[in-house]
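**Q** Given next are the chains, with one letter for each unit.
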Amino acid sequence: MSVPSEYFVALSAVLFGLGAVGVVTRRSAILVFLSIEMMLNAANLAIVAFARQWTVTGGVHALEGQGAVFIVLAVAAAEVAVGLGILVAIFRHRVTTDVDQLAEVRA
Amino acid sequence: MIWFLIVAALALAGGVLVVTARQPVHAALGLVGTLLAVAVMYVMLDAHFLAAIQVIVYAGAVMVLFLFVIMLLNVEQQPPTTRWRWLRPTAWGLGLLGAVAVAGTVLSQRRPVPDQAAVDAVLQGGDAERIGTVLFSEYLLAFHLVAVLLLTGVVAAVSLVQRDGEDRERPAVAAFEEDPGMRASEPA
Chain A
1 MSVPSEYFVA
11 LSAVLFGLGA
21 VGVVTRRSAI
31 LVFLSIEMML
41 NAANLAIVAF
51 ARQWTVTGGV
61 HALEGQGAVF
71 IVLAVAAAEV
81 AVGLGILVAI
91 FRHRVTTDVD
101 QLAEVRA
Chain B
1 MIWFLIVAAL
11 ALAGGVLVVT
21 ARQPVHAALG
31 LVGTLLAVAV
41 MYVMLDAHFL
51 AAIQVIVYAG
61 AVMVLFLFVI
71 MLLNVEQQPP
81 TTRWRWLRPT
91 AWGLGLLGAV
101 AVAGTVLSQR
111 RPVPDQAAVD
121 AVLQGGDAER
131 IGTVLFSEYL
141 LAFHLVAVLL
151 LTGVVAAVSL
161 VQRDGEDRER
171 PAVAAFEEDP
181 GMRASEPA
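Chains as they are written, first to last, in my numbering: chain A, 1 to 107; chain B, 1 to 188.
Check before you lean on any hint, since a few could be wrong.
So the derived label-pair ranges between C-beta atoms look like this [what the hints assert, rightly or not]:
1) A/72 with B/20: 42 to 52 Å
2) B/87 with A/57: 36 to 46 Å
3) A/2 with B/100: 23 to 33 Å
Computed footprint of chain A on chain B, listed as stretches where at least three residues anywhere in the stretch have a Cβ under 8 Å from a Cβ of chain A [stated by the list, open to error]:
4) 11–24
5) 28–41
6) 58–64
7) 86–95
8) 105–112
9) 151–161
None of these hints come from the bench; they were simulated from the model.
Ideal Cβ placement from N, Cα and C applies to all residues, glycine included.
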């Protein structure tokens, strides 16, 4: 018997919340970045769960949800490449990745 | 169902490790655990191609990149910040409250469980052929834009990490090792 989709969405919500806590509490920019990746994955899990639930109402386009997740994965890969490049560039200039010490960018 | 609970526990354990681990490498390995658990979830949701992509691209390539950068930058363990002492408990409280609220709302709104036969008929296991058909029909424009985005990302990453001509001989890390007082002079 298949698992109800609500459980997947609930797990996704908890993972997203954990990632949000990590973004706020972590001091190293790399660990903030790791938490963002976890939030992205939680969102993807919810989309895939919704795609499967769509078949209940006879949605013949339910696969489009999985296609969307594929696009999100590709965008996330590009984001990681650029984000880590920015981190390395910042570390070269400032010798730190502590977001508290990099706070002068604020308005 | 029992397998779902086991894998969900693994995913949450990895997530807690990401948020609480003192060593950055441990946090990265926790995220690897979460990503692999999510890949298993994709299999349970009949998204087999996405599960393979998740393991290869995310748990493989992206996490290797993360570990490389963590070891390259040699991120030191940082004590909790002395300013904003209220931040950590507040973030945990609000974050978990929000997560539990959403999860509780979702769990109280029961929907019919998808019939496996109907799921198989529509998704067909989410194999690569079907996903490819969707990507090259409904998502054709998005697919091309993602290609442009990836190219832009590669160019941007290379140009960001490239050094300027003059400080090629004296990178910032070497300068830091010669002059440990540099950090103290930084504005706090």
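**Q** Look at each hint and say if it fits the structure.
**A** Checked hints:
The hinted range of 42 to 52 Å is not satisfied by residue 72 of chain A and residue 20 of chain B, whose Cβ atoms lie roughly 26 Å apart. The hint said 36 to 46 Å for the Cβ distance between residue 87 of chain B and residue 57 of chain A, and at roughly 44 Å that hint holds. Range check, residue 2 of chain A to residue 100 of chain B: about 25 Å between beta-carbon atoms, so the 23 to 33 Å window is met. For a cut-off of 8 Å, the count of residues in the stretch 11–24 of chain B with a CB near a CB of chain A stands at 7, and the three-residue condition holds.
Given as covered by chain A, the stretch 28–41 of chain B passes the check, having 6 residues with a CB less than 8 Å from a CB of that chain where 3 are the minimum. Only residues whose C-beta sits within less than 8 Å of a C-beta in chain A count toward coverage, and the stretch 58–64 of chain B has 3 of them, enough to reach three; the restraint holds. Judged by the Cβ-Cβ criterion of 8 Å, the stretch 86–95 of chain B is covered by chain A as claimed, because 5 of its residues qualify and three suffice. With 6 residues bearing a CB less than 8 Å from a CB of chain A, the stretch 105–112 of chain B meets the requirement of three and the coverage assertion stands.
Only residues whose beta carbon comes within less than 8 Å of a beta carbon in chain A count, and the stretch 151–161 of chain B has 8; three or more means the coverage holds.
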